[in-house]
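There are 2 protein chains.
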Amino acid sequence: MGETSKWVTLSITLTISAASAAISVYFWSNRKQADLNDKLITIKELQKSLNQSLEKCAAERQGRIRAQQDLRKAMLQPKTDKLETTYPMAPIGVVRSCFSTRNGTPRQPLVVPLARARLMFDTALVPPASLEGLEEYSHCWIVYVFHLNTDLDKLWKDPSRSKLKAKVRVPRLKGEKMGLFATRSPHRPCPIGLTVAKVESVQGNSILLSGVDLVDGTPVLDVKPYLPYCDSIEGATVPHWVKMDDLLTVASVDFSDEFFTTLTDCWAAIGKKSLYTSPEEFQILIKQVLSWDIRSVSQRTQVEEKYEKTKNDHVDNNEVHNIIYHLNLEGLDVAYRITPNTDVFVERVSLSSK
Amino acid sequence: MGETSKWVTLSITLTISAASAAISVYFWSNRKQADLNDKLITIKELQKSLNQSLEKCAAERQGRIRAQQDLRKAMLQPKTDKLETTYPMAPIGVVRSCFSTRNGTPRQPLVVPLARARLMFDTALVPPASLEGLEEYSHCWIVYVFHLNTDLDKLWKDPSRSKLKAKVRVPRLKGEKMGLFATRSPHRPCPIGLTVAKVESVQGNSILLSGVDLVDGTPVLDVKPYLPYCDSIEGATVPHWVKMDDLLTVASVDFSDEFFTTLTDCWAAIGKKSLYTSPEEFQILIKQVLSWDIRSVSQRTQVEEKYEKTKNDHVDNNEVHNIIYHLNLEGLDVAYRITPNTDVFVERVSLSSK
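Respectively, the protein sequence lines represent chains A and B. So the first sequence is numbered by the UniProt record's numbering: it starts at 1 and just counts up by one. So the second sequence is numbered by the UniProt record's numbering: it starts at 1 and just counts up by one.
Since the hints were made in silico from the structure, they are not lab data. For clarity, every value in this text was computed on a predicted model and none was experimentally measured. Misleading hints may appear alongside valid ones.
Given that identical chains are not distinguished, each listed pair holds provided it fits within a single copy or across any two copies.
In the SDA-like style, the derived pairs of lysine to any residue whose C-alpha atoms are separated by at most 20 Å in a straight line are [stated by the list, open to error]:
{"#": "1", "residue 1": "165", "residue 2": "132"}
{"#": "2", "residue 1": "167", "residue 2": "132"}
{"#": "3", "residue 1": "165", "residue 2": "352"}
{"#": "4", "residue 1": "167", "residue 2": "135"}
{"#": "5", "residue 1": "306", "residue 2": "322"}
{"#": "6", "residue 1": "163", "residue 2": "185"}
{"#": "7", "residue 1": "157", "residue 2": "146"}
{"#": "8", "residue 1": "154", "residue 2": "86"}
{"#": "9", "residue 1": "167", "residue 2": "269"}
Just chain A, same shape as in the assembly:
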């Protein structure tokens, strides 16, 4: 082969080599490109995940902030006098009353002078020192919660969903209604009760009261001394449809022959915890409580209707005379009858099952 062939061979070899190299590099870089594409796809996916995560983060954050705002609102220290603020009132004590149930609990303070209650205070909230001097007043106010209201849970619900009745029946208007704020009905937006009682004594972290009209277990928000020059208003007037004699007195109260025996039998069980010093004193309480017709309006009406019916039918009205009513004082069940003439006969006392 001549020099020409050598050069040709050499050139062709170089060309093929170069071409091969180029092709290799090409394929290599294609793979790199594919690799790159993969990476680009990965990047796209990562970015998508990141965006989703950031969105979720933002949503959780919003949820957290909203929950914290609601919490702050629920716990908020009021800085304005806006009506949206709610004040959480924690009772300072509870009433331990001779009246175990609402039935029989007077509807007015002081009308049952021997009606006693002991206001038991939470020592953490009411150290005994804070009561010093209160016994020097003859009377005090008790600010309490109408805790037996069946709709009490409304306090924790949205006020716009309240089913509070704007008007309530007034007995003396024969079923006609008046605005609730023109009454002392327990069913009010804020179920706060106000009553007065006679201060008997202060012992440690409890106050002994008399003339109470509170049922056992009543939560107490506050106690204030009664100041006649502030609280007793001469010449204050009320509408004609409000009268004190909503309380009906009975004609007489008598006790059966075995009554006192049943009472002394029970006294062993309750004597120690009783607010009364003797069964004799307890009997006076019973007499005072039953001096008012404590039956409900419907009970009274039922009896009156039955009585009218038996009179008209000339039928023996024993049934009317023999309805036994019950009154629960200090856990003792007092059974009594009451005639249409409102003569009360107290039959017996027994330990209440409640």
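Use these hints to put chain B onto chain A, whose structure you have.
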């Protein structure tokens, strides 16, 4: 040039071309590699961001869950009447009073007969029908919140951290203290105030009252009719260290010559919103309010000391006579002087800056 040269040239050209191509591809793929490296870095950063975001997400989620749990606890409906139960009381209205600040607000109801306030009710909670009949009573109770207590936030805190003082100073005992429940001090576990007022009229969802001792902005929890046979106790007694004359009357109240002009000047600004029908009526209010020495104990003591000092030093006591006191009624600043003999001179009225 012969054929050899042509081949050589061709070969060299091809070789150079191939080499160039290879070199280009090489550099191109290098850039791609760099690109790829960049992408790899980007991927690393994205993964890092994603991890951070996921962590943050988890943290926000935890925070949200915790806040929601706390919220549920705060809103939990209580099922028992344990003392731990807290009753959230939402005000039903707010007092719009002639007394813009505590200074000057009477400490007893009814002692300033012309002191007026309008009880504005939240119509959602207190529909106008609920007030029907209230105007037929001469007086009513207002149960309110001592919203200006500086420790009001204790209601939302752990009660064991309360710094409530068990005993408070009683003025008539010259600094000696009595239990807080033997007083009507605002600083009580439940900051609930009780006062009475005369019912002037009921208009829609507001009540106009007179003889008030409430400051503007007071949140109202309840309104109850005043029932003399329940609320007015004959023969109620108080300790010797409680006396009505804690209120000190002044010797006289007079007005400067230009007083009425300054009042009529201001009347244009407040007249429309005023609880009073004329500047003349407003002047009577001022006279009634300033008939009681409304200065604080320390202000009075300061002046007494200065007066004693100037008397002893035989120095002209103009300084004592010339202290200007201020009273804010319905946003009007009433400037007055009071001599050591408690003769009051009302200088002028101006629009209050507050």
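Tested hints:
no. : hint      : result
1   : 165 - 132 : between (41 Å within a copy, 13 Å between copies)
2   : 167 - 132 : between (42 Å within a copy, 8 Å between copies)
3   : 165 - 352 : neither (35 Å within a copy, 43 Å between copies)
4   : 167 - 135 : between (39 Å within a copy, 15 Å between copies)
5   : 306 - 322 : within (12 Å within a copy, 82 Å between copies)
6   : 163 - 185 : within (15 Å within a copy, 35 Å between copies)
7   : 157 - 146 : within (17 Å within a copy, 24 Å between copies)
8   : 154 - 86  : both (13 Å within a copy, 13 Å between copies)
9   : 167 - 269 : neither (45 Å within a copy, 39 Å between copies)
In this structure, the hints that do not hold are numbers 3, 9, in rising order.
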